[in-house]
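Student: Given chain H's structure and the hints, the job is docking chain A onto it.
There are 2 protein chains.
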Amino acid sequence: MLDGIPDLKSMSAEQLNALCDELRNKIIDTVMKNGGHLSSNLGMVELTVALHYVFDFPKDKIIYDVGHQCYTHKLLSGRADRFDTLRKFGGISGFPKREESEYDCYNTGHAGTSVSAALGIAKARDIKGEDFKVIAVIGDGSFNNGLVYEAFNSVSEINSNILIIINDNHMSISPTVGSMHEYLEKLSAESEQRAKKKRHETIFERFGLSYEGVYDGNDLLCMIEKLTEIKQKLQTKSIILHVVTKKGKGYLYCEENPQETHGISAGHVKSTEYSAVLGQTLTQMALTDKRIVAVTAAMTPSLGLSHFFEKYPERSIDVGICESHAAVVCAGLATEGLKPYYAVYSTFLQRAFDQVVVDICSQNLPVTLCIDRAGISGTDGETHQGEFDLSFLSLIPNITIAVPKDVEEFRQMLIESVNFNGPLAIRYPKDGFRIFENTSFDFGKWEKLCDGGDVAIIACGERMISLALSAAQIAAEEDIGCSVINARFVKPLDTQMLSSLTQKHIITMEDNALIGGLGSLVDSYFSEGGKIIKNFAYPDEFIPHGSVKELIAKYGISVKNVSDYIISNAHR
Amino acid sequence: MLDGIPDLKSMSAEQLNALCDELRNKIIDTVMKNGGHLSSNLGMVELTVALHYVFDFPKDKIIYDVGHQCYTHKLLSGRADRFDTLRKFGGISGFPKREESEYDCYNTGHAGTSVSAALGIAKARDIKGEDFKVIAVIGDGSFNNGLVYEAFNSVSEINSNILIIINDNHMSISPTVGSMHEYLEKLSAESEQRAKKKRHETIFERFGLSYEGVYDGNDLLCMIEKLTEIKQKLQTKSIILHVVTKKGKGYLYCEENPQETHGISAGHVKSTEYSAVLGQTLTQMALTDKRIVAVTAAMTPSLGLSHFFEKYPERSIDVGICESHAAVVCAGLATEGLKPYYAVYSTFLQRAFDQVVVDICSQNLPVTLCIDRAGISGTDGETHQGEFDLSFLSLIPNITIAVPKDVEEFRQMLIESVNFNGPLAIRYPKDGFRIFENTSFDFGKWEKLCDGGDVAIIACGERMISLALSAAQIAAEEDIGCSVINARFVKPLDTQMLSSLTQKHIITMEDNALIGGLGSLVDSYFSEGGKIIKNFAYPDEFIPHGSVKELIAKYGISVKNVSDYIISNAHR
Numbered sequence: 012m013l014d015g016i017p018d019l020k021s022m023s024a025e026q027l028n029a030l031c032d033e034l035r036n037k038i039i040d041t042v043m044k045n046g047g048h049l050s051s052n053l054g055m056v057e058l059t060v061a062l063h064y065v066f067d068f069p070k071d072k073i074i075y076d077v078g079h080q081c082y083t084h085k086l087l088s089g090r091a092d093r094f095d096t097l098r099k100f101g102g103i104s105g106f107p108k109r110e111e112s113e114y115d116c117y118n119t120g121h122a123g124t125s126v127s128a129a130l131g132i133a134k135a136r137d138i139k140g141e142d143f144k145v146i147a148v149i150g151d152g153s154f155n156n157g158l159v160y161e162a163f164n165s166v167s168e169i170n171s172n173i174l175i176i177i178n179d180n181h182m183s184i185s186p187t188v189g190s191m192h193e194y195l196e197k198l199s200a201e202s203e204q205r206a207k208k209k210r211h212e213t214i215f216e217r218f219g220l221s222y223e224g225v226y227d228g229n230d231l232l233c234m235i236e237k238l239t240e241i242k243q244k245l246q247t248k249s250i251i252l253h254v255v256t257k258k259g260k261g262y263l264y265c266e267e268n269p270q271e272t273h274g275i276s277a278g279h280v281k282s283t284e285y286s287a288v289l290g291q292t293l294t295q296m297a298l299t300d301k302r303i304v305a306v307t308a309a310m311t312p313s314l315g316l317s318h319f320f321e322k323y324p325e326r327s328i329d330v331g332i333c334e335s336h337a338a339v340v341c342a343g344l345a346t347e348g349l350k351p352y353y354a355v356y357s358t359f360l361q362r363a364f365d366q367v368v369v370d371i372c373s374q375n376l377p378v379t380l381c382i383d384r385a386g387i388s389g390t391d392g393e394t395h396q397g398e399f400d401l402s403f404l405s406l407i408p409n410i411t412i413a414v415p416k417d418v419e420e421f422r423q424m425l426i427e428s429v430n431f432n433g434p435l436a437i438r439y440p441k442d443g444f445r446i447f448e449n450t451s452f453d454f455g456k457w458e459k460l461c462d463g464g465d466v467a468i469i470a471c472g473e474r475m476i477s478l479a480l481s482a483a484q485i486a487a488e489e490d491i492g493c494s495v496i497n498a499r500f501v502k503p504l505d506t507q508m509l510s511s512l513t514q515k516h517i518i519t520m521e522d523n524a525l526i527g528g529l530g531s532l533v534d535s536y537f538s539e540g541g542k543i544i545k546n547f548a549y550p551d552e553f554i555p556h557g558s559v560k561e562l563i564a565k566y567g568i569s570v571k572n573v574s575d576y577i578i579s580n581a582h583r
Numbered sequence: 012m013l014d015g016i017p018d019l020k021s022m023s024a025e026q027l028n029a030l031c032d033e034l035r036n037k038i039i040d041t042v043m044k045n046g047g048h049l050s051s052n053l054g055m056v057e058l059t060v061a062l063h064y065v066f067d068f069p070k071d072k073i074i075y076d077v078g079h080q081c082y083t084h085k086l087l088s089g090r091a092d093r094f095d096t097l098r099k100f101g102g103i104s105g106f107p108k109r110e111e112s113e114y115d116c117y118n119t120g121h122a123g124t125s126v127s128a129a130l131g132i133a134k135a136r137d138i139k140g141e142d143f144k145v146i147a148v149i150g151d152g153s154f155n156n157g158l159v160y161e162a163f164n165s166v167s168e169i170n171s172n173i174l175i176i177i178n179d180n181h182m183s184i185s186p187t188v189g190s191m192h193e194y195l196e197k198l199s200a201e202s203e204q205r206a207k208k209k210r211h212e213t214i215f216e217r218f219g220l221s222y223e224g225v226y227d228g229n230d231l232l233c234m235i236e237k238l239t240e241i242k243q244k245l246q247t248k249s250i251i252l253h254v255v256t257k258k259g260k261g262y263l264y265c266e267e268n269p270q271e272t273h274g275i276s277a278g279h280v281k282s283t284e285y286s287a288v289l290g291q292t293l294t295q296m297a298l299t300d301k302r303i304v305a306v307t308a309a310m311t312p313s314l315g316l317s318h319f320f321e322k323y324p325e326r327s328i329d330v331g332i333c334e335s336h337a338a339v340v341c342a343g344l345a346t347e348g349l350k351p352y353y354a355v356y357s358t359f360l361q362r363a364f365d366q367v368v369v370d371i372c373s374q375n376l377p378v379t380l381c382i383d384r385a386g387i388s389g390t391d392g393e394t395h396q397g398e399f400d401l402s403f404l405s406l407i408p409n410i411t412i413a414v415p416k417d418v419e420e421f422r423q424m425l426i427e428s429v430n431f432n433g434p435l436a437i438r439y440p441k442d443g444f445r446i447f448e449n450t451s452f453d454f455g456k457w458e459k460l461c462d463g464g465d466v467a468i469i470a471c472g473e474r475m476i477s478l479a480l481s482a483a484q485i486a487a488e489e490d491i492g493c494s495v496i497n498a499r500f501v502k503p504l505d506t507q508m509l510s511s512l513t514q515k516h517i518i519t520m521e522d523n524a525l526i527g528g529l530g531s532l533v534d535s536y537f538s539e540g541g542k543i544i545k546n547f548a549y550p551d552e553f554i555p556h557g558s559v560k561e562l563i564a565k566y567g568i569s570v571k572n573v574s575d576y577i578i579s580n581a582h583r
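Top line first, the protein sequences correspond to chains H and A.
Take any residue in the first sequence, count from 1 to its spot, add 11: that is its number in our numbering.
Take any residue in the second sequence, count from 1 to its spot, add 11: that is its number in our numbering.
Looking at chain H on its own, in the form it has when it is part of the complex (with noise of 0.2 Å):
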């Protein structure tokens, strides 16, 4: 029933049931195969089938917060023959693409944007005067965040007519924590009890929304029912619906482990995720330091934390999908003189930037950042690389930037840590493959990895210290010398070492945009001249979804063209 765009209007409620659960065993299928967002989209089906059969899109708009969810909606577009390249390099993306439909009008993929976004949306179609409807859907993990709340907030000064449907799973990726879940949660509970009698005001009404709920979002008809009659109401007023759906229906495995299986991975290869060594690490500096504390915003297990949140609840905060607030959390616990660690994944950090800077940094206070998914990270695109943090950190004063090379230095600069008074952002990719050799570990020191006289390489991270070491190795076989420098510390810089390199050639190489990061710096301490310097970095362009492999040779940093360019250059 998938070929094409379906017909829904014309099916009957047997077809609709039918076509449901063609569209599960797709999702499963896919998901198994090529990784992506399970228990989630799983949940999603006949509330999606629902909106299809009773809007008129893409007229119609719809956004979804987030965005992982929106598998059934893609299969519903027109994008079902394509479906089965679901997250790979060049394939079709996990999350809303306005490049890849007309029927995805808003592309999400962080959390909280989509009240906002739609109001956006209607308040340029009453400027137009056209005449459309428009749907924000929001998982209730997600309605944590602030954003939504200053949307609600200017509901009525905005003043066009927007759905907002909550579907309540109880879980962002981990257990939705807070108090906006446990009103939820009550709402659900008085359901049937406030439908039988006058009902008081929800915090909804308050924000001049009109609230209905809560409905079973995986009932089909019930919800083709519902959303017939709101679409009429929508004339007239805002409205919020809340639905409840299971998370992973229809796979009793995702329904029993819905957290397990919110993302699942394609493949696996053998490695020691940074994760792991932050959760052994801290849990265990914590046992004899009673000032460490852990701070999280919704993503304790992917962060490596649970152990730690286990066996020290007391010191263990996760605040929901807050990022900003949970900086300045930490900012307040330091100003105790307590030492809190902020795990957070490079590109949710992007939402602290102002809060790093002015409460952290401007207070030069002792938060610990550790930054989980820096560098690419593969497939879920454009909205989850972490590509940028040693550009937007390292503008800011008082901080200071590590990047371990392998675990077992992030290990390091974990124990290290405590005793380091300011703020320390430390950041690294999800996998660790390899462990190099070491030498003596010098806090703000740089490391020479090997000595060679014609070129100095300046790489951070596991990734690029790999490629330069070969690099430098096929440099070697044509009589050029190369030195590999661990750039351990993008901020501030060894100035030592490099006012000691006597190599004319300098490369550096970092698993970050160009811009900004360990490459630029690098420029600009040598701007005085006599060097001459090439930097392999992330172009300016934002990196879409595949591999990290296929991703970082897209963007040319490679052992080949760097050893190409050594060999090519060495003696110019």
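Hints listed in this document are in silico derivations from the structure and should not be mistaken for laboratory results.
Do not take every clue at face value.
One copy or two, it doesn't matter: identical chains are merged, so the pair holds either way.
[Stated by the list, open to error] Here are the computed lysine-lysine pairs in the PhoX-like style, where the Cα-Cα straight-line distance is at most 20 Å: (1) Lys301 <-> Lys139; (2) Lys515 <-> Lys542; (3) Lys322 <-> Lys139; (4) Lys44 <-> Lys281; (5) Lys560 <-> Lys99; (6) Lys237 <-> Lys20; (7) Lys244 <-> Lys571; (8) Lys197 <-> Lys37; (9) Lys281 <-> Lys560; (10) Lys70 <-> Lys281; (11) Lys37 <-> Lys99; (12) Lys322 <-> Lys301; (13) Lys459 <-> Lys515; (14) Lys456 <-> Lys70.
Keep in mind the model is a prediction, meaning the values are calculated, not measured.
Tutor: For chain A alone, kept in the frame of chain H given last:
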């Protein structure tokens, strides 16, 4: 009575009232001379005296949200003798500063951080097993900010008792907008009625906070009584105390003109404000171009847009102090073909960093950011300087960054921006003092203001171009020829002009941090060698308060320093 730290607890009611008068006079006198925040501080006198009477600072901790209302607090904590240096270079800051006094436990400047910080401090207290009270004082304007909601949402999760005082004066800088504000008004209106009968649950109780209100924050004895009672209750729960204060209290002109007297500038020099040009130009453009929408986050008058808002209310959106939300609304508007102009102070745009990256730039949407108070902004200090925007914007793919050399070029950029089909940032300072000679304006292209063969000075913005032209003149007297280039687009660089430069010596000058700014982009452009480059920009530190002129000079960017460098190096 203000010598040293006055012993409030030993004072009679009469003496306390006299103290309030003395404080009020001191504040008025000082702000009239030095500039500063007047109305908000006049409103806070009694509440602050009551807080100091009831609580034990610095053992107890108080965080002032945004912080500009802390003058009485400073006067009561041993800084009265230095109060005449308020906001002056080297003097005391207009905001709380840990570096200044142990009575200031947390630095603020940007809205909405106080509750998160209070929770962090209280959590630290509980982890350490200490016993003191933690208080956040927050205005109703800040209450719109999502960070406050994120903090509320985790009050029960973090489970450390704090007191939150809402100082409700119905104003942020503009009158407060949004549903939360209306809700606070409703609570005030219902206050008397509610006292009599069983109270309904407030929105705050939904977050696990015990609500007490509404009380007159300018009634000293009432405040002392209420705070004494609350201090006891804090042993067992978190409390939100809702007080109403009168902005400008005790100074008739301020009471009647709270918006105009929110911030007072010291002295006046003849200038044209860039914001006035923004307002005039945009209003004119909007007459014929129906796509133009103006968006602000609570600063409409200071951004020059009051007239636009009056003339085109249906195309004007002020979302309150919600910079992230404003950015996403703009992205939504742009997806529907409208042309949003988001006017915002440089320092506050930091709050929307992630939304500029993900929502605006990764979707490559034609949103124009009009960035006011860019570069050094002066007497508000660290938290209000705009020295980072070139750095945190230039790292973002797809964005174009323009820096007008004067108000006329700014006007020209605005006019041409309507046909520019991508994310555009235009950054400018508050005041324009000079109009330079114009060549024809070519979008994206730099402009050579004078020609000389020895040194090329690449400068951006009025302040730097003024200095550059003067330095070039001095160098000319020593027979050194300088080209001065107006780098009116910092991104992308005008590589055509850069590659045509024959001078061996390059100087860059910018009103921005060195790291990641114009200089750093030019350094990277020439990284392969052949040039001797010197970057004039701000060093890697937070810039304190002082006048623009004093601060620029402090960081060595002066005609003398630049011309000295040229004279010593041009023939090297």
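Student: Each hint should be assessed against the structure and marked as holding or not.
Tutor: Against the structure, the hints:
For the identical chains of this complex, Lys301 and Lys139 are inter-copy neighbours only, at 9 Å across copies versus 60 Å inside a copy, given an alpha-carbon limit of 20 Å. For the identical chains of this complex, Lys515 and Lys542 are neighbours both inside a copy (5 Å) and across copies (14 Å), given an alpha-carbon limit of 20 Å. Taking identical chains as interchangeable, the C-alpha atoms of Lys322 and Lys139 lie at most 20 Å apart only when they sit on different chains, with a minimum of 17 Å there against 57 Å within one chain. Proximity of Lys44 and Lys281 under a CA criterion of 20 Å is satisfied intra-copy only: 18 Å inside one chain copy versus 69 Å between copies.
In this homomeric assembly, Lys560 and Lys99 come within 20 Å of each other (Cα to Cα) only inside a single copy, at 12 Å, whereas the closest approach across copies is 55 Å. In this assembly of identical chains, Lys237 and Lys20 lie within 20 Å of each other by CA distance solely inside one copy; the values are 16 Å within and 63 Å between copies. Taking the shortest Cα distances, Lys244 and Lys571 never come within 20 Å of each other, neither inside one copy (62 Å) nor across copies (69 Å). Proximity of Lys197 and Lys37 under a CA criterion of 20 Å is satisfied in neither setting, with 35 Å inside one chain copy and 52 Å between copies.
Only within a single protomer do Lys281 and Lys560 lie at most 20 Å apart by alpha-carbon distance; the minimum there is 15 Å, versus 59 Å between protomers. In this assembly of identical chains, the alpha carbons of Lys70 and Lys281 never lie at most 20 Å apart, being 47 Å within a copy and 53 Å across copies at closest. With identical chains, the CA atoms of Lys37 and Lys99 are at most 20 Å apart within one copy only, with a shortest distance of 16 Å there and 67 Å across copies. When the C-alpha separation of Lys322 and Lys301 is checked against a cutoff of 20 Å, the pair qualifies only within one copy, where the shortest distance is 13 Å, while the shortest distance between copies is 60 Å.
In the homo-oligomer, the alpha carbons of Lys459 and Lys515 lie at most 20 Å apart inside one protomer (17 Å), although the nearest pairing across protomers, at 33 Å, exceeds that limit. Proximity of Lys456 and Lys70 under a CA criterion of 20 Å is satisfied in neither setting, with 58 Å inside one chain copy and 40 Å between copies.
Violated hints, in rising order: 7, 8, 10, 14; the structure is consistent with all others.
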